[in-house]
Amino acid sequence: MSETHAQTVAYVRDSMLPPQPPPMRSSGAVLWLRANLFSGPVNILLTLIGLGILWLIFDTLWPWLSHSVWNAGSIRECRQIVSETYGPEANGACFAVIRARWHQFVLGFYPQEFYWRPILAFGLLFLALAPLLFGASVRARRIVLAIATVLTVLSAAMLDTGLAVLAGMTALMLAWSALIDARPGRALLASLLYPFAGVWLLWGGSLWGPVMVLAGFGVGLAVWRVAARFGMLAVAAGAAAAALWWWLVSAPLAGLLAGAVPLRLVPVTSDQFGGFVLSITIGIAGIALSLPIGIVLALARRSDMPVVKMLAVMFIEFIRGVPLIALLFVASLLLNYFLPPGTSFDIVLRVIIMVTLFSAAYVAEVIRGGLAALPRGQYEAADALGLDYWKAQRLIILPQALKISIPGIVSTFIGMFKDTTLVVFVGLFDPLKAMSDTVRASFEWKGAYWEPYFFVGAIFFVLCFGMSRYSMHLERRLKRGNR
Amino acid sequence: MSMQPLTAETRQADETAIDIVKLNKWYGTFHVLRDIDLHVSRGERIVIAGPSGSGKSTLIRCINRLEEHQTGKIVVDGTELTHDLKNIDKVRSEVGMVFQHFNLFPHLTILENCTLAPIWVRKIPRREAEETAMHFLEKVRIPDQARKYPGQLSGGQQQRVAIARALCMRPRIMLFDEPTSALDPEMIKEVLDTMIELAEEGMTMLCVTHEMGFAQAVAHRVIFMDQGQIVEQNTPTEFFNNPKSERTKLFLSQILGH
Chain A
6 MSETHAQTVA
16 YVRDSMLPPQ
26 PPPMRSSGAV
36 LWLRANLFSG
46 PVNILLTLIG
56 LGILWLIFDT
66 LWPWLSHSVW
76 NAGSIRECRQ
86 IVSETYGPEA
96 NGACFAVIRA
106 RWHQFVLGFY
116 PQEFYWRPIL
126 AFGLLFLALA
136 PLLFGASVRA
146 RRIVLAIATV
156 LTVLSAAMLD
166 TGLAVLAGMT
176 ALMLAWSALI
186 DARPGRALLA
196 SLLYPFAGVW
206 LLWGGSLWGP
216 VMVLAGFGVG
226 LAVWRVAARF
236 GMLAVAAGAA
246 AAALWWWLVS
256 APLAGLLAGA
266 VPLRLVPVTS
276 DQFGGFVLSI
286 TIGIAGIALS
296 LPIGIVLALA
306 RRSDMPVVKM
316 LAVMFIEFIR
326 GVPLIALLFV
336 ASLLLNYFLP
346 PGTSFDIVLR
356 VIIMVTLFSA
366 AYVAEVIRGG
376 LAALPRGQYE
386 AADALGLDYW
396 KAQRLIILPQ
406 ALKISIPGIV
416 STFIGMFKDT
426 TLVVFVGLFD
436 PLKAMSDTVR
446 ASFEWKGAYW
456 EPYFFVGAIF
466 FVLCFGMSRY
476 SMHLERRLKR
486 GNR
Chain B
13 MSMQPLTAET
23 RQADETAIDI
33 VKLNKWYGTF
43 HVLRDIDLHV
53 SRGERIVIAG
63 PSGSGKSTLI
73 RCINRLEEHQ
83 TGKIVVDGTE
93 LTHDLKNIDK
103 VRSEVGMVFQ
113 HFNLFPHLTI
123 LENCTLAPIW
133 VRKIPRREAE
143 ETAMHFLEKV
153 RIPDQARKYP
163 GQLSGGQQQR
173 VAIARALCMR
183 PRIMLFDEPT
193 SALDPEMIKE
203 VLDTMIELAE
213 EGMTMLCVTH
223 EMGFAQAVAH
233 RVIFMDQGQI
243 VEQNTPTEFF
253 NNPKSERTKL
263 FLSQILGH
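Chains as they are written, first to last, in my numbering: chain A, 6 to 488; chain B, 13 to 270.
This is chain A alone, in the form it adopts within the complex:
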């Protein structure tokens, strides 16, 4: 344009003046520093103190980290290497202990030849969660599927898993990923099967055990469907049928089927669980079970029915008034007194039940807050349209109340997940204390205090930070409706 003008009209300029940079004070790093760090005498002082503290932390940690030793056979060897390389006064981390014993922190005393089972269970967990947690975004879901599949197969490959098992794992992960990608709705049904598959992979034994438990749900559902046609007490009839199935039918039938078609993995008992396998198992089970229980408790506490309300209040207040450790002791010691002699009730299962009840009480209170925050008009509009109680809750009230409660619920879950380390008090091998002690009990690594805490803390941070980021993502995604 300017060229044509320049030829025809002499006074039109063909190049613009370059813009002047704005004065120093209105933008840039200097202004930011002035505005945020040095805006007055008090702020200058606080900034200097803050910098001092940061320097102290860095000054203490950095030599320790930068002098770290990764290749050594014992803590003594570590110290020798550090003093030879950096001088006798130098202080260095001995991450060789992690290198030598990382599998114990992560997998506890799980038999080495079966490491692929918890790894596969953990990988499948993400496939099961993907259609639930990333239902709205195909791209996010694909990323999760790809990362889970690749990492699971890679980890298994690096652990000298047999070729047949490795091929089976790869095929399973790929097939399920493909199903999720093609039919996310159908894949939700597959996700429902995950708890049974996960339990079977972790504990092993006959496949028919979990299948019978699953069949019990099917029987209950079928009876409920049929009974609902005749009206009364459909839910009670379904629950009774399922209970009868589990009590009377499932064990003999499972035995029979196992005799005919022996599909089994080598059993791994709960005392071989430890480290993050234990923490994550308890944490995931607790989270998955306590959310629905918490919702029911919150609704019960706001119910018009006095008995239901009273029971909910008593339960919630009792659980919140008792420390988690007390409940864990009940799980490990007292339950055995109350159960008929001879019944052995798995300790991990008992702990999961207690952790679930504990977190359900907190989740219930968080959700109750969300329910209370909804305007009365929402309840009235749902009523006025003729929606019954359960439909109104499911379609109108809970979607909004849960959305408000997301930060609180996720906080509760993060807290609960970290609290799983308390199982050390009932003799289980949590990654933080019991596993570190176990590693330190060996002659070579006696005295390695900070390194295990550092390692376990870092893994906890990654997992909890992941949950926190997911909750923020969810909040952003659900924001669109409400302005």
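I should point out that these hints are in silico values taken from the structure, not numbers from a laboratory.
Heads up, the beta-carbon is just placed ideally off N, CA and C, and yes, glycines get one too.
It is possible that some hints are incorrect.
[To be verified] Examples of chain B residues lying across from chain A (beta carbon under 10 Å, computed):
| hint | residue |
| --- | --- |
| 1 | 78 |
| 2 | 104 |
| 3 | 107 |
| 4 | 108 |
| 5 | 116 |
| 6 | 117 |
| 7 | 129 |
| 8 | 132 |
Add chain B to chain A, keeping to what the hints say.
Just chain B now, kept in the frame of chain A:
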């Protein structure tokens, strides 16, 4: 606004829509409704007026059991309101309600707001429910907003959606609880126009409102309430030109006198 008085020809006087006998309600010890007797014929349009606290909202909220009454009898469309939840849900699905504050569901789109109850209560297939919803959204003249969320609409538009949402259940009776009180003056007209169109089609309507022009234009009967009682009821012409009680005169002078 087409506010010619409507004739009562469409009215089928012998058919009863709502029958209220000796209705009494208390909030704690406060006696909100005292011995209310009200008979509404099918196709009849009633405007309920009165000062705030007179119990007019409570009265129409009793008709779909958003408020529970203590003594007396309410029969809606042949079904008596008792503690029987099935009867309550039946009445509620036959009676549409429009609230002062719209009460749209903010987490659902306009279309979903309109199809939710037909799909889940009436068990109508989704496609059919969506067609019905679009029909009524066109009627209230906001079909182009169907995919938006309530928070993105103006107050007047939201209230028209609320009317469409109620109509999607194909109710036989519509209740309006101060539908224009929360709106800016320029939005009142668009909502009233929608209500007038509805009236012209012969819908049975009970409307709590201070819009006296609307009352004159569409109502067959104006009911004046004070302190929980029906003080006076008459045709709009008589009511406005020839009020009987002192209380009514005072109210009319305050509401029309500016």
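Would you settle whether the hint for residue 104(B) is holds or violated, based on the nearest Cβ-Cβ distance to chain A being less than 10 Å?
-> Given a least distance of 4 Å, the restraint on residue 104(B) holds.
Holds or violated: is the Cβ of residue 117(B) closer than 10 Å to a Cβ in chain A?
-> Constraint on residue 117(B) satisfied, holds at 6 Å.
Hint status (Cβ of residue 108(B) to nearest Cβ of chain A, threshold 10 Å) | Result: holds, 8 Å to nearest chain A Cβ.
Is the interface hint for residue 78(B) satisfied, with its Cβ closer than 10 Å to some Cβ of chain A?
-> Holds. Min distance 6 Å.
Hint status (Cβ of residue 129(B) to nearest Cβ of chain A, threshold 10 Å) = holds (4 Å)
Hint validity - residue 107(B) Cβ closer than 10 Å to any chain A Cβ = holds (8 Å)
Are residue 132(B) and chain A close enough, Cβ to Cβ, to be under 10 Å, as the hint says?
-> At about 5 Å, which falls below the 10 Å cut-off, the nearest Cβ of chain A leaves the hint on residue 132(B) intact, so it holds.
With a cut-off of 10 Å, does the beta carbon of residue 116(B) approach a beta carbon of chain A closely enough for the hint to hold?
-> With a closest approach of 7 Å, the residue 116(B) hint holds.
Checked against the numbered hints given earlier, this structure breaks none of them.
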